[in-house]
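Chemist: Can you build the whole structure from these sequences, using the hints too?
Each chain is listed here by its residues.
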Amino acid sequence: MKERIDDCDLELLSAWLDGDCDDPAGLRARLNAEPELALRLRQLQAVRARLATLAAPDLSADFAAKVTKRAFARKFTLPGRGFWWCALPVAAAATLLVMASLGHQAPRQERSAPDGDAWRMALNAAANAPDAESFAEWVDEEPAMEGTLPNDLAGTFAELSTREPGGADEIETDGLDANASVIDMINRLTDEDAAVLAAKLRPGA
Amino acid sequence: MQEVDDWILAARARNGDQAAFTALVQRYERPVMHFCARMIGNLSDAEDVAQECFLALYRSLGRIEPRARFSTLLFGIARNLTLNHLRDGRRRGRHMARPMDGLETEPASGDQPDHRAQAAEIGRVLADAIDGLAAEHREVLVLRELNQLDYEAIAQVVGCPIGTVRSRLARAREALRVRLAEQDMLP
Chain A
1 MKERIDDCDL ELLSAWLDGD CDDPAGLRAR LNAEPELALR LRQLQAVRAR LATLAAPDLS
61 ADFAAKVTKR AFARKFTLPG RGFWWCALPV AAAATLLVMA SLGHQAPRQE RSAPDGDAWR
121 MALNAAANAP DAESFAEWVD EEPAMEGTLP NDLAGTFAEL STREPGGADE IETDGLDANA
181 SVIDMINRLT DEDAAVLAAK LRPGA
Chain B
1001 MQEVDDWILA ARARNGDQAA FTALVQRYER PVMHFCARMI GNLSDAEDVA QECFLALYRS
1061 LGRIEPRARF STLLFGIARN LTLNHLRDGR RRGRHMARPM DGLETEPASG DQPDHRAQAA
1121 EIGRVLADAI DGLAAEHREV LVLRELNQLD YEAIAQVVGC PIGTVRSRLA RAREALRVRL
1181 AEQDMLP
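Read top to bottom, the protein sequences are chains A and B. So the first sequence is numbered by this note's numbering: it starts at 1 and just counts up by one. So the second sequence is numbered by this note's numbering: it starts at 1001 and just counts up by one.
Simulated from the structure, these hints should not be mistaken for laboratory data. It is possible that some hints are incorrect.
Cβ-to-Cβ under 10 Å is the rule here; a few derived chain B residues that face chain A [stated by the list, open to error]:
no., residue
1, F1021
2, L1024
3, M1033
4, Q1051
5, I1122
6, V1125
Values in this document were obtained by computation on a predicted structure and should not be read as measured data. Glycine residues also receive a C-beta, built at the ideal position from the N, C-alpha and C atoms.
Modeler: Quick look at the structure:
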């Protein structure tokens, strides 16, 4: 018989409450022989009974509808202008690499080449972008998007490039999903659209 | 009629079925809210975090695989968000107001007014005691006692061995027992 109830006893009693006791017969024998242990068990049972009476909080009546609406809303928040000035060149460089690798895989017909100067400039900027790492992390976290038209993308970039510093960062578009992966979008660009994008990246465009 | 499996609803939601997603939210909104409220101790913040939890679930629908129990995954998200919320609150030095009125105990039907008052008092002490627990003790207690998760599920949600769950739970229960005993609220 133990003189004091220790941590092991408490774990034993706690497990008993949950029906998870490894040696129920042994504990039963101790409970019969140790009134203090038996009292402790009764008290823990009382605590448990009190916990069961704690009320679950009320939710707004339209909670589920509200969450569903938010989840399915085609709305997204873009990072600030400063971020995009770093991120766009990185994205452009990624496009260039993808297009170059595609060029080695299959011959293409009737495609106009992107503006070489613009891409060189984008690559340069990407190499010097201070925020390339956080951009890459952001892209990694975003699930891929489906069905976005390249023109939507170019339009969004155009809108960003004309935005005043400190202006609202939130943009709503009709066809552009919040959780788009920029890389995924760029992978779908045709050379013509890529050239449009490159033009947007040119200073003063 | 048999309930549609959570993962089936999740798959439908992933394919754009809004009704399936709503059904999933309705199925888990109260347990998730209960968890968030007890972890955060503030109803309004808890509802915001519960909303974020379901939005995070929606965003991850394309990536998650039906390997574990759905509830384990959902409570894992809720747990991360509540801990982030508590951390952010501490970082900003914000005092966490705890307007939990009306949340203490569920009045039993037919209770006498003095019994009701006593039950409410016990509820207040208990809510306070839960609030005073360390977060790692509070989360296992809430998941076990209020959300009825078993040890294995709690271990998955919290990311620790079952033995750790067992000892944290024992400590949390003992802390509540001491608190109620101090107030002469126990046999």
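Chemist: All hints, please: hold or fail.
Modeler: Evaluated hints:
1. F1021: OK, holds: B:F1021 within 10 Å of chain A, min 5 Å.
2. L1024: holds (9 Å)
3. M1033: holds (5 Å)
4. Q1051: holds (5 Å)
5. I1122: holds (6 Å)
6. V1125: holds (9 Å)
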